[in-house]
Amino acid sequence: MRGWLSSAKSHSILLTHEATADLVYRARRGEADAFTGLVRAYLRPAYTIALSVVARPADAEDIAQEAFLKAFQSLHTCREPERFAAWLFQIVRNRARNLLDSRRLRDVAPAGARILEFITAASASAGMREALLAALADLDTEKREVVLLHDLEDWTHKEIAEVLDISEVHSRQHLFKARQTLRAKLGGELPQEGSEGNHGR
Amino acid sequence: MEDERINFSALDPSRNELRWQRTVGMLVGQALAERRKRLSIEQQLLRWARPVLAVAAGLCLVAWTAGLLSTSSAQRVSSVQQSPALTLANWAANNQIPEPSDLLRTLGGNR
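Chains as they are written, first to last, in our numbering: chain P, 1168 to 1368; chain V, 5 to 115.
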């Protein structure tokens, strides 16, 4: 059976549902290789999911790592080892939302002002990364997840639909609208596809 | 739609290969260390569980034996004290003439 994350990427390994379940069982027994296998396969997607929610790469990296540690600590509670990723991503989302909540309490500036500040900073530095983040801020979380999972992680709509619990049609619609918004926002700032290269299939 | 994909490589955390590999290694190391720590706590608990259980069982046995002994000696004393034959013998030995009420009580008349 083909797993929903079976795309060959430079930093991910080819994993089927069975392979994922096998790694989970072995990790439960404490095999170091199994931990490595799971991290190599799912750390990047976990980061992408976190980035979709918190929109800050450094925070997203922290959340992804913390969520992984939390998942490993409670690996015995993962009822469906073959669906480890979906379970892990739920932990990631919860942590990311908690961070957003605490950030809302900390930050005093209204959201609009923060985004403007962000865009201004992006224009000033002319950094592609900042420009992308500013443009992503105009999308809702679900569209961000879809476009990042598709275009950064190279997931198929089937894979995205399964992990986000939406239909494939919905995933395609989200991707179409997200790209439209991003292109309108970024305009000429968008680099040519392949100039730096995503990890394409 | 596939060729319209947006280039997000600027947001790719694994662009810096060395840093990414270090992150992966560090995360696995932390996970294993956590597991070892948790296991060692469980092992220590297991190691101490047996002696603690043995001591508790010993204390229970001592308490139970003491309770049993005190109960049986108290029962013996009271049964001796309440024995009609002994009471009658005492009276006879002391040339004592019991009151009818004492006699009745001793022989079971007050039941």
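It is possible that part of the hints are untrue.
Said to hold, decoys possible - If the Cβ cut is set under 8 Å, some of the chain P residues that face chain V in the computed set are: (1) R1196; (2) A1199; (3) R1207; (4) Q1232.
These are calculated hints, taken from the structure and not from any lab test.
Keep in mind the model is a prediction, meaning the values are calculated, not measured.
We put the CB at the ideal spot given by N, CA and C, even for glycine.
The hints, checked one at a time:
{"no.": "1", "hint": "R1196", "verdict": "violated (10 Å)"}
{"no.": "2", "hint": "A1199", "verdict": "holds (6 Å)"}
{"no.": "3", "hint": "R1207", "verdict": "holds (6 Å)"}
{"no.": "4", "hint": "Q1232", "verdict": "holds (6 Å)"}
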